[in-house]
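Chemist: With the sequences and hints as input, model every part of the structure.
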Amino acid sequence: GSLLDERLSVLEDQLRIGNLLSKDIIQLLRIPDFQKERQYYLEQGLKHYYNARLDVTLYEIALDNLLQAEEREKTDYVVLHRIGMIYLYAPSKCDMVKAEAYFRRAAKFAAIEINEAAVRLENALVTTSKHKKVRAEESMSEVTALAVDSYCECSICCVLLGKQEEALSFALTAS
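In the numbering used here, each number is its position in the sequence shown, counted from 1, plus 362.
Do not rely on the hints blindly, as some may be mistaken.
Straight-line Cα separation of at most 25 angstroms, SDA-like style, residue types lysine to any residue; simulated pairs [to be verified]: (1) Lys525 x Thr419; (2) Lys525 x Glu504; (3) Lys455 x Arg466; (4) Lys409 x Glu399; (5) Lys455 x Cys514; (6) Lys436 x Gln406; (7) Lys436 x Leu416; (8) Lys460 x Thr419; (9) Lys455 x Gln526; (10) Lys436 x Gln376; (11) Lys409 x Leu429; (12) Lys436 x Gln401; (13) Lys470 x Thr419; (14) Lys436 x Met458; (15) Lys470 x Gln526; (16) Lys398 x Met458.
Simulated restraints, written as ranges between beta carbons of each label pair [unchecked claim]: (17) Ser537 x Leu416: 30 to 38 angstroms; (18) Lys436 x Arg378: 17 to 25 angstroms; (19) Gly524 x Gly380: 30 to 38 angstroms; (20) Lys398 x Lys525: 36 to 44 angstroms.
None of these hints come from the bench; they were simulated from the model. Don't be surprised by glycine CBs; every beta carbon is placed ideally from N, CA and C.
Modeler: Rendered as structure tokens:
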């Protein structure tokens, strides 16, 4: 869908954020107490990103908040991916070079998390209850989906920037 219509891609991502906001974001992202400022900026950024589907001027506020969250945690692939989405799809913030850079970083850190999560999941499956197993599998699938989305969006950026070989490489990695 995202290859056919970029508006569908950002809407789909915003709906994903709506689901994320409906869950306990602190538990989902496992934010330690010492990162309360980051938590605030992340929640505000995601809230405004989600609501930007109704008012595109909210992308500016979302971007400001997400950049503040990024300052506090440079490897947060959730934040990096959403900043990339704003730079790729927000009319007033369109910057393909920045979008590509953010998607590259999001994909890199999400892929690392997948590898670490796979080991943790394997250990957890041996020692935990059925309910915890399902939650661990859901968490890993969310990270995997974000990594794939980041690679796909990076591929789109590369196409738009005339980097066809890199675009193909990212598309193949996503598949």
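Chemist: For each hint, tell me whether it holds in the structure or not.
Modeler: Structure-based check of all given hints:
Among the hinted pairs, Lys525 with Thr419 is inconsistent with the structure: their alpha-carbon atoms are about 30 angstroms apart, more than 25 angstroms. Using a Cα cut-off of 25 angstroms, the hinted pair Lys525 and Glu504 is violated, with the two alpha carbons roughly 28 angstroms apart. Proximity of Lys455 to Arg466 is assessed by CA-CA distance (about 18 angstroms); at most 25 angstroms being required, the pair is judged to hold. Only pairs whose Cα atoms come within 25 angstroms are accepted, and Lys409 paired with Glu399 is accepted, the gap being roughly 15 angstroms.
A distance of roughly 20 angstroms separates the Cα atoms of Lys455 and Cys514; the hinted pair therefore holds under the 25 angstroms criterion. Between Lys436 and Gln406, the direct Cα distance comes to roughly 17 angstroms. Compliance with the 25 angstroms bound is thereby established for this hinted pair. The straight-line distance between the Cα atoms of Lys436 and Leu416 is roughly 29 angstroms, outside the 25 angstroms bound, and the hint therefore fails. With a C-alpha separation of about 19 angstroms, the suggested pairing of Lys460 with Thr419 holds against the 25 angstroms cut-off.
For the suggested pair Lys455 and Gln526, the alpha carbons sit about 24 angstroms apart, so the restraint of at most 25 angstroms is met. Annotation: proposed proximity of Lys436 to Gln376 holds, straight-line Cα distance about 22 angstroms (limit 25 angstroms). Between the alpha carbons of Lys409 and Leu429 the distance comes to roughly 14 angstroms, so the proposed pair stays at or under 25 angstroms and holds. Note on Lys436 and Gln401: the hinted pairing holds, with a Cα-Cα distance of about 14 angstroms set against a maximum of 25 angstroms.
Taking the CA atoms of Lys470 and Thr419, the gap is near 30 angstroms; set against the 25 angstroms cutoff, the hint is violated. Proximity of Lys436 to Met458 is assessed by CA-CA distance (about 20 angstroms); at most 25 angstroms being required, the pair is judged to hold. With a C-alpha separation of about 20 angstroms, the suggested pairing of Lys470 with Gln526 holds against the 25 angstroms cut-off. For the hint pairing Lys398 with Met458, the CA-to-CA distance comes to about 31 angstroms; that exceeds 25 angstroms, so the pair is violated.
The supplied range of 30 to 38 angstroms is met by Ser537 and Leu416, whose beta-carbon atoms lie about 33 angstroms from each other. Here the CB-CB span from Lys436 to Arg378 is close to 22 angstroms, well matched to the stated 17 to 25 angstroms. Roughly 34 angstroms separates the CB atoms of Gly524 and Gly380, a value that falls within the hinted 30 to 38 angstroms. Look at Lys398 against Lys525: about 40 angstroms separates their beta carbons, and that is inside 36 to 44 angstroms.
Hint violations for this structure: numbers 1, 2, 7, 13, 16, all remaining hints satisfied.
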